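Asks: Fit chain B to the given chain V structure using the hints.
Protein sequences, first through last, are from chains V and B. According to the numbering used here, the first sequence holds residues 1 to 277 in order. According to the numbering used here, the second sequence holds residues 1001 to 1325 in order.
Hints may be right or wrong, so weigh each one.
Said to hold, decoys possible - Here chain B is said to cover these stretches of chain V; the calculated rule only asks that three of the stretch's residues, wherever they fall, bring their Cβ under 8 Å from a Cβ of chain B:
1) 25-32
2) 39-45
3) 85-94
4) 134-146
5) 154-162
6) 227-241
Unchecked claim - The following label-pair restraints were derived from C-beta to C-beta distances:
7) V:Asp272 - B:Ala1255: 37 to 47 Å
8) B:Gly1246 - V:Tyr16: 47 to 57 Å
9) V:Thr209 - B:Gln1157: 37 to 47 Å
Simulated from the structure, these hints should not be mistaken for laboratory data. Please read all numbers here as calculations on a predicted model, not as lab measurements. A virtual CB, placed ideally from N, CA and C, is assigned to each residue, including glycine.
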Amino acid sequence: MTDRRTWGCRRLAVRYGATRALEEVTFEVAAGTIAAVVGGDGAGKTSLLRALAGTVRPAAGTVRRPGERRLGYVSAGPGVWADLTVDENLSFSGRAYGLDAAELERRIGGLLERTGLAGARDRLAGQLSGGMRQKLALAMAVAHEPDLLILDEPTTGVDPVSRAELWRLLAASAAGGAAVVVATTYLDEAERAATVLVLDRGRSLLEGTPDEVVAATPGLVVEGTDRPEGLAAWRRGARWRAWSPGGAAPPGTSPVTLDLEDAVIVAQLREDQRWAA
Amino acid sequence: MGGMSPAPPEGSGEPHDGPAGSRSGPSPAAGSGEPHGGAPVNAPELAAAEGATRRFGELLAVDGVDLTVAGGEVVGLIGANGSGKTTLIRMLLGLLAPTAGRVRLFGEPPSLRTRARLGYVPQSLGLYEDLTVAENLAFSAAAYGTRRPALEGDLAQAGDALVRDLPLGLRRRAAFAIALAHHPDLLVLDEPTSGVDPLQRARLWETIRSSAEQGAGVLVTTHHMAEASQCDRLVVLAGGRVVAAGSLPDIVGDATAAEVRTPGWEAAFTALDAAGLPVSLTGRTLRVPGADPDAVRRLLADAGVPAEVTSVRASFEETFVTLAS
Chain V
1 MTDRRTWGCR
11 RLAVRYGATR
21 ALEEVTFEVA
31 AGTIAAVVGG
41 DGAGKTSLLR
51 ALAGTVRPAA
61 GTVRRPGERR
71 LGYVSAGPGV
81 WADLTVDENL
91 SFSGRAYGLD
101 AAELERRIGG
111 LLERTGLAGA
121 RDRLAGQLSG
131 GMRQKLALAM
141 AVAHEPDLLI
151 LDEPTTGVDP
161 VSRAELWRLL
171 AASAAGGAAV
181 VVATTYLDEA
191 ERAATVLVLD
201 RGRSLLEGTP
211 DEVVAATPGL
221 VVEGTDRPEG
231 LAAWRRGARW
241 RAWSPGGAAP
251 PGTSPVTLDL
261 EDAVIVAQLR
271 EDQRWAA
Chain B
1001 MGGMSPAPPE
1011 GSGEPHDGPA
1021 GSRSGPSPAA
1031 GSGEPHGGAP
1041 VNAPELAAAE
1051 GATRRFGELL
1061 AVDGVDLTVA
1071 GGEVVGLIGA
1081 NGSGKTTLIR
1091 MLLGLLAPTA
1101 GRVRLFGEPP
1111 SLRTRARLGY
1121 VPQSLGLYED
1131 LTVAENLAFS
1141 AAAYGTRRPA
1151 LEGDLAQAGD
1161 ALVRDLPLGL
1171 RRRAAFAIAL
1181 AHHPDLLVLD
1191 EPTSGVDPLQ
1201 RARLWETIRS
1211 SAEQGAGVLV
1221 TTHHMAEASQ
1231 CDRLVVLAGG
1241 RVVAAGSLPD
1251 IVGDATAAEV
1261 RTPGWEAAFT
1271 ALDAAGLPVS
1281 LTGRTLRVPG
1291 ADPDAVRRLL
1301 ADAGVPAEVT
1311 SVRASFEETF
1321 VTLAS
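Next up, chain V with everything else stripped away, as it sits in the complex (with noise of 0.2 Å):
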């Protein structure tokens, strides 16, 4: 971590009681870039995001997170307050960062144009669909333009079309100089980012950019229509897809084109092995 605007952790441990909810975890997001931590439930993610937030005292390592009042975080959940509107909940959270009146107002009405909650601004925040409260609880993360922005799977039950609002709000961010920290399950949303980190069982599983994870696959992934023996094999769609440690094509399958889905599945195949033997 040299740059002075590079936020992270460094050989990170939270423990709850006896539960080891990560251990020895390093990982860093630049300022102007995306990351993406992703994991399945139980892998660590929000034990991650609540450590860079402050939430949550490290059991060890260390955590680089600029102060309080240039950090923005979305939890999981809903994230706002149901029993006011929207216009109530931005500028309530807005002058608890510090906002003044003239500033607030100037950028709760750009939030609420670019967020499309402008015909909104009167409804309780509990009467939103899933897709517009998501979009609520990020306005008023970035309201205040923080430096580091940190969000816990903002696109969890959120449909596609809020999903791309969504990442382009986080785009925006980005372009704007936030460090941005997305958690997510789902790896097609992963691939936008620019540095992944994988979490399995509390521990990284892989990182680095996409085509860094992807390429860093050792073996060869075959494709065939029938179940490949003697390989670990997963289904994509109709077809069966195996991993092939030595790199040897079974007769009837073919090499394909690995993608970040596959590399994490090979990844995780091989730490089940490990977890076996």
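Replies: For chain B alone, coordinates are given in the frame of chain V:
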């Protein structure tokens, strides 16, 4: 809790055996050595909506939708919130009558009898959180009048755990095991792999595919393109109507996006965004679905941003967002 209560089958005998004549074609499971994927020729039509329409007062939620699911195929129903997806599913499940058009399950109107041949996994999973996995399974099997199936793998090890104490991946697999226990002919799955990691997602799809290969028809509703790409055929809903249908490449067709490569993506993004274009960022490359590359080039030149702009094939997600907005 518990989602839908399974309806006990009427009469006696195997609940998954439909009335005589309800299956018009040969059992697809008996097909020999056919390549996987897609419905075999003459596969029985398990679910059909014909001009299905549903009105709630002034609101036309579903408007003249045609949709079929045949044995052996996985059909994806894709739509934004408010597209009519949920209303259509409720009609197909027999929970809501169409105000016009008709819905057929196994060749007849939805009823208790057709319900017994359906497996449904809602997004909320529909499990009893305060019962164990084994108890959930026993309860459902009793309601369907079937034998309780054996649990496999790590689900067997978790059989005595309360559902609420299990990680999401195992809860999803438990919900699948329950929905499949009575060997349904038609499976309806709402966002079946939401929240799980890629390997668990692949394992869930293995189960879905294996049901289809044994002859079941599968209808998957999803928001996620990774799931859509697993389906044999897609039906895209927007504003209550079918706006596209076919395989994923059929739907994308010759739709394009303008791809922008530039040393300074930030300035290019800001310029395109300010012009109101639906610009997206992938790594350090920008994409503008549906945009004319020449227009994008001119816009960036005017903004003083050096960039290389090419026309590339649109992704399914880009095509979908264009169709849905």
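Asks: Look at each hint and say if it fits the structure.
Replies: Going through the hints against the structure:
Under a criterion of three residues with beta carbons nearer than 8 Å to beta carbons of chain B, the stated coverage of the stretch 25-32 of chain V fails, only 1 such residues being counted. Given a C-beta distance limit of less than 8 Å, the hint that chain B covers the stretch 39-45 of chain V holds, as 5 residues qualify and 3 suffice. Counting residues of the stretch 85-94 of chain V whose CB falls under 8 Å from any CB of chain B gives 0; the rule of at least 3 is not met. Remark: the stretch 134-146 of chain V is not confirmed as covered by chain B, as 0 of its residues place a Cβ nearer than 8 Å to a Cβ of that chain, below the required three.
Check result for the stretch 154-162 of chain V against chain B: holds, 7 residues qualifying (beta carbon to beta carbon below 8 Å, three or more required). Counting residues of the stretch 227-241 of chain V whose C-beta lies closer than 8 Å to any C-beta of chain B gives 6; at least three are required, and the coverage claim holds. Look at V:Asp272 against B:Ala1255: about 39 Å separates their beta carbons, and that is inside 37 to 47 Å. Between B:Gly1246 and V:Tyr16 the beta carbons are some 48 Å apart, a value that agrees with the proposed interval 47 to 57 Å.
Checked against the hint of 37 to 47 Å, the pair V:Thr209 and B:Gln1157 passes, with Cβ atoms roughly 38 Å apart.
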